[in-house]
Amino acid sequence: MRVLAAMSGGVDSSVTAALLLDEGHDVVGATMKLWGGPSDQGCCSVADVDDARRVCQQLGIAHHVFNFSDDFDANVVAPYVEAHVHGRTPNPCIECNRHLKFDRFLRRAVQLGFDAIATGHHARITNDAGVWNLRRGRDAAKDQSYVLHMLDQAAMARTLLPVGAMTKADVRAIAEARGLRTAAKPDSQDTCFLPSDGGRATFLGDRIALRPARVVDTSGNAVGVVDAVELVTVGQRRGLGAGATANGGSPRYAVDVDTDAAVVTVGTLDDLLVDAQPVEAMTWTHAPADVGETMRVQTSAHGASEPADWTGNDIRWHARHRRIARGQSVVLYAADDDRVLGGGIAS
Amino acid sequence: MSRVAAPVYLDHAATTPMRPEAVSAMLPFLTDNFGNPSGAHGMARAARGAIEDAREVVAAELGCDPAEIVFTGGGTEADNLAIAGAPEGRRLCSAVEHHAVLRPVEHGGGTTLSVDENGVVDLDALRGALRADDALVSVMLANNETGVVQPIDTIAEVVRSVAPGALVHTDAVAGFTWIDVASATAAADLVSVSAHKFGGPKGVGALVVRGETKLAPLLLGGGQERERRSGTHNVAGIVAMAAAAAAAGRDRAATVARVATLRDRLAEAVVGATPGVTVTAAEATRTAGTLHLQVAGVESESLVIVLDDLGVCASAGSACASGALETSHVLAAMGVGAGSGALRLSLGWTTSQADVAAAAVAIPKAIEVLRSRA
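Note that the protein sequences, when read in sequence, are chains Y and S.
Just so you know, we're using this note's numbering here: the first sequence kicks off at 1 and counts up by one.
Just so you know, we're using this note's numbering here: the second sequence kicks off at 1 and counts up by one.
To be clear, the hints were calculated from the coordinates, so they are not data collected in a lab.
Glycine included, each C-beta is placed from N, C-alpha and C at the ideal position.
Careful: at least some of the hints might be erroneous.
[Unchecked claim] In silico negatives: residues of chain Y with every beta carbon more than 12 Å from chain S:
1. Asp70
2. Ala78
3. Pro79
4. Asp103
5. Arg107
6. Arg108
7. Pro195
8. Leu272
9. Met282
[Claimed, not checked] Residues from chain S shown here face chain Y by an in silico Cβ test under 10 Å; the list is partial:
10. Thr274
11. Val306
12. Asp308
[Claimed, not checked] With a straight-line Cα cutoff of 20 Å, these simulated SDA-like cross-link-like pairs (lysine to any residue) come out:
13. Y:Lys185 x Y:Leu59
14. S:Lys214 x S:Arg160
15. S:Lys365 x Y:Gln111
16. S:Lys365 x S:Ala273
17. S:Lys365 x Y:Gly24
18. S:Lys202 x S:Ala273
All chains should be built: construct the whole structure from the sequences, respecting the hints.
Structure, rendered in structure tokens:
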């Protein structure tokens, strides 16, 4: 097959291209230039493009750079900023996968005559009796199926995830053995467009007016203030000032954030626990789950899944669960905790 | 897609093959004649002599006195030296300049001049923007993306009348191959050229510094080039640049006539075969080698890649530090190009009829392929 490998400049995508070459595919590498801002880290810095290009040279394959910064700004960065105005906390990596890697990049690949794309994600795509299934990666600690939950049948039919079948240690060993310059490169951790100094607060503060908020307890008593209501996330414990250490010393959490009124409500862990979690904008890898179906639900990229039932528009937890911040992705797995059913946004 | 045996090279504006005269001129200075021209012995004197011979040749081709030539490490350095080295005061440049001019002007808080729909500096806008105490105005001789030629003499007249103290700089990097720059040199105070654009090696260029023009150096050190550019001379590069300049100057009229015909033939073939393709600034005075197209419904990045697959080396505009294509500031300043894919085909001294015939087939095919998969 002709395969276009999405190369971030990291070790996983470097080894992805190498493995596909070994399998006899006709491979070309491409790096997306997504962010023109001042951040010097993450998937789109000049140094990362240089690393990807150098790996392609080492592998003897062509390398292209696609400037998708307009799409990235419109579909990832601008919505990220706007969401905070309304007290939502989105996962920009998921939106990048949804709009960039598995949409614009995939369309570009098809237009250029490629049969498939490949990425370095730690997840697996299997074909079971004619149905494409997205499954957790072999290395549980590196599993990225959560951030790929939006893949549908058409996308999976054209996507290869070769490192999903191996451990991260294996990936690094292959890169090392082949002398790839990315072999010892640290995993990227942060959101690529947030600056290394100041992070989210600086980034958002440069783009929207951050407003102070009153902190109240669940009875409405004022217990403190915070500098920026837009930066408070439901479930947060730190940074809530006096509000979090009151109440005789037991920890208090943000249990509600009302950005319009500029009020943060704090409460005990028990106040944070809910029976059900509403979700919106659901996508399914194959077909919608059956109402009443028992499944496992994961609410953060590296969190554990918990059992729940699908009611048709929300998740009903088997055991009461912390409320999920609005904007976070809620991903549904089959009862085997391996196969991704779909996912949506906590509402 | 099958790749043809040897690629059809239509990216001469990026760089053009070295002239054989230039290659043979430089080889002795990479081997036996390795002396440092700043030395005090025979080997040094031989190298110094070669530099001064080269200076005379380059001066003759640029229409200036040999003492007015400052050899640099390329076109970007020549542009930066002109802009940073000019006396204190505001710098202005056209909005369609190469980044080697635009960035240093912006860095110094300068002003950009608007252009018309062909990318030519609007003289009324220039008059309106100028202040009597401005320090420098930089307008390129020919645009590297579109090939559009600026009326440097007229622009210089306007500058002299409104801001008599301002230096006039012209970046002739994209122009020299196609245009006798002597009249621009006569009108300007500072002129930049780059060897690899006209058949010399990469990494060497020159800045013409006319008459008594005061210019502060960028590089301080041994005081070479009469204190205007320190650093050991790139002897082989300078010698080769002179040989290439002489060859390009000698052949210019014939090359322009031959290549313009090929360029027009290619334009007709592509535009005739493919709906939705327009020639940028078709009615403007353009360099003979440049054919800039806007292709509706196609992305530049994809078009260049598919052409590469079909064995045609082309370009789509300028690239940023990562190698990604940037939205063209040139087309944006002209107010054109939105919604179309840009394609720059640039012909050169080695371009043959066979190249053009092959490209005339490949380009419509590439556009058709991309549109069919859109």
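Hint check:
{"no.": "1", "hint": "Asp70", "verdict": "violated, 8 Å"}
{"no.": "2", "hint": "Ala78", "verdict": "holds, 17 Å"}
{"no.": "3", "hint": "Pro79", "verdict": "holds, 22 Å"}
{"no.": "4", "hint": "Asp103", "verdict": "holds, 15 Å"}
{"no.": "5", "hint": "Arg107", "verdict": "violated, 9 Å"}
{"no.": "6", "hint": "Arg108", "verdict": "violated, 7 Å"}
{"no.": "7", "hint": "Pro195", "verdict": "holds, 18 Å"}
{"no.": "8", "hint": "Leu272", "verdict": "holds, 43 Å"}
{"no.": "9", "hint": "Met282", "verdict": "holds, 29 Å"}
{"no.": "10", "hint": "Thr274", "verdict": "violated, 17 Å"}
{"no.": "11", "hint": "Val306", "verdict": "holds, 7 Å"}
{"no.": "12", "hint": "Asp308", "verdict": "holds, 8 Å"}
{"no.": "13", "hint": "Y:Lys185 x Y:Leu59", "verdict": "holds, 17 Å"}
{"no.": "14", "hint": "S:Lys214 x S:Arg160", "verdict": "holds, 17 Å"}
{"no.": "15", "hint": "S:Lys365 x Y:Gln111", "verdict": "holds, 14 Å"}
{"no.": "16", "hint": "S:Lys365 x S:Ala273", "verdict": "holds, 9 Å"}
{"no.": "17", "hint": "S:Lys365 x Y:Gly24", "verdict": "violated, 28 Å"}
{"no.": "18", "hint": "S:Lys202 x S:Ala273", "verdict": "violated, 37 Å"}
In summary, the structure is inconsistent with hints 1, 5, 6, 10, 17 and 18 from the numbered list given earlier, while agreeing with the others.
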